[in-house]
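Go by the hints and put chains U and W onto chain Y.
Sequence lines, in order, name chains Y, U and W. Position 33 of the first sequence, counting from 1, maps to 33 under our numbering, and the rest follow consecutively. Position 152 of the second sequence, counting from 1, maps to 152 under our numbering, and the rest follow consecutively. Position 22 of the third sequence, counting from 1, maps to 22 under our numbering, and the rest follow consecutively.
For the record, the hints were derived by calculation from the structure and aren't laboratory data. The beta carbon of each residue, even a glycine, is placed where N, CA and C say it ideally should be. Take these hints with a grain of salt, some might be off.
Partner residues are not named here, just some residues of chain U that face chain W (Cβ under 7 angstroms, in silico) [unchecked claim]: (1) S13; (2) I14; (3) V46; (4) V47; (5) S199; (6) V244; (7) S247.
What the simulated footprint calls covered on chain U by chain W, stretch by stretch (three residues with Cβ under 8 angstroms from a Cβ of chain W suffice, anywhere in the stretch; the number is not a length) [claimed, not checked]: (8) 73-84; (9) 206-214.
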Amino acid sequence: MIEEVLGKLGFDWKVALANLVNFLVIYYLLRNVVFKKLGNAIKERQERIKQGLDDAEKAKQSLLDASQRKEELIKEAYQNSQEIIGNAKEERNKIVAHASEEADKEAAKIRQHALHEADMILKKADEDLTEKAATLVLSGVEKVLKENMTQGVNEKYIKSILK
Amino acid sequence: MQEFLSFKRDISSIGPSTIFEIGGFPITNSTLFMVLVTILLIVFVVVALRKKSLIPGKGQAFFEIVYEAVERQINTITASSYHTKRVLPIIGSIFIFVGISNYFGLVPGLGSITFDGKSLFRIATSDFNTTLGLAFGAIVVLHLVSIKDFGLWGHINKFIPIKQLGEDMKKGGLAPIYMFVTILIACLDIVGEFAKAVSVSLRLFGNMYAGDVLTTVLIGIFAFLLPSFWVAFGMLGALVQTIVFGSLITVFYMQAAGPEPGEKK
Amino acid sequence: METQYIAKALIILSMVATAPAEAWVAAKAMEAIGRNPEAGDSIFPKMIVAMAICESTAIYALVAFFII
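So that you can see chain Y by itself, here it is in the shape it has in the complex (with noise of 0.2 angstroms):
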């Protein structure tokens, strides 16, 4: 009864099985060609754009790190600099009063020697002066003596020296 129903519409088991076959045949085609093969090159592709996305968000990230990192340089370049300068100057005023100090040292040094020497040409001149005092007055003795020499005079001349 059924084979009846169907048979008014058409259907014969042979030809329907023989289709069935026929779209198995496309079935094998279309699986390993089409979704096998696509299905993979779909994958891979997506699979590289998302490594491609990941490599461009790493780039950026490690731009950032890197300006960020250079940033920081700079900032600890200058830190380092204004020390250098600090210490420079600092360096600089140290050497600015031990040089001060040792030109006072030296300038005290050279005075005093200068004083000495002037203190000893003095005493010298003095020295030199009372020899030749000395020897004038030995010289005018002798030239008085010489001359005619009286009690009186002498004596004079006698208690003037001795004054």
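Just chains U and W, lined up with the frame of chain Y:
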């Protein structure tokens, strides 16, 4: 005037016509059409996918569009990438084959190639043999899937709950009535499995054959402007019937298959 | 022969309810999409399937029409 504007043709017979026989197996015009489709597919696939590349050419891009459309369509029903991946090859093939067949119905003059007074090609989906064969094959595959997922015992229990019947037998009272109802429902379920295949295949066959008949009738009434509207509607109908056939098979799959790998229902 | 035509006419009558049924499904689906446009992609295929199932009555009638 009337004869000039309209072409009266015989409405094509409801069944396919046998062209020749090979060892008792009749080769009908719908079978020949499927062979034609297969050859065209082979040529097209070989040309388009000769060299698979990361940057798709025109042919590969076309196949990729089809592939992704089918995948999306299946995924809206299964809502799980595991199931989609599992059924994509077979249901995708059904989609592609039914779609190609339906769209060939719009090719003018294909039925006019005749041999021995019979047209040499008949749209495969407007032949009940093809649709029932396809649906029946799909149902058999789904039963195999169900057996694989639940085991043979679990699969049989899905239709005839033997375990529950055994429990009911021990009880007294109203238990025989429940048992009777359960067996009745089991019979209904088993008939329902056949009804599924018949209903799905009848739907596709009915739509495509009715489209064919209606085109013939419209050309018989007024051959020039009127059928173009129907052909335009037929383009939509061909797509819709493809989607419906594939989607219903997917729905049946979801009823048959286990929930998820590893889980127990 | 004439009873066959009467039977065919009656079978065609059975298709009458299909149009309102499909219209109902489509209207409800459109309402749902209008309320929640993001779900349109997932509603549309389900609508198509539901409409196909509504259509089966008409298809059975059509088949019966050809069988008789």
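task = Starting from the hint list further up, note which numbers the structure goes against and sort them upward.
result = 1, 3, 4
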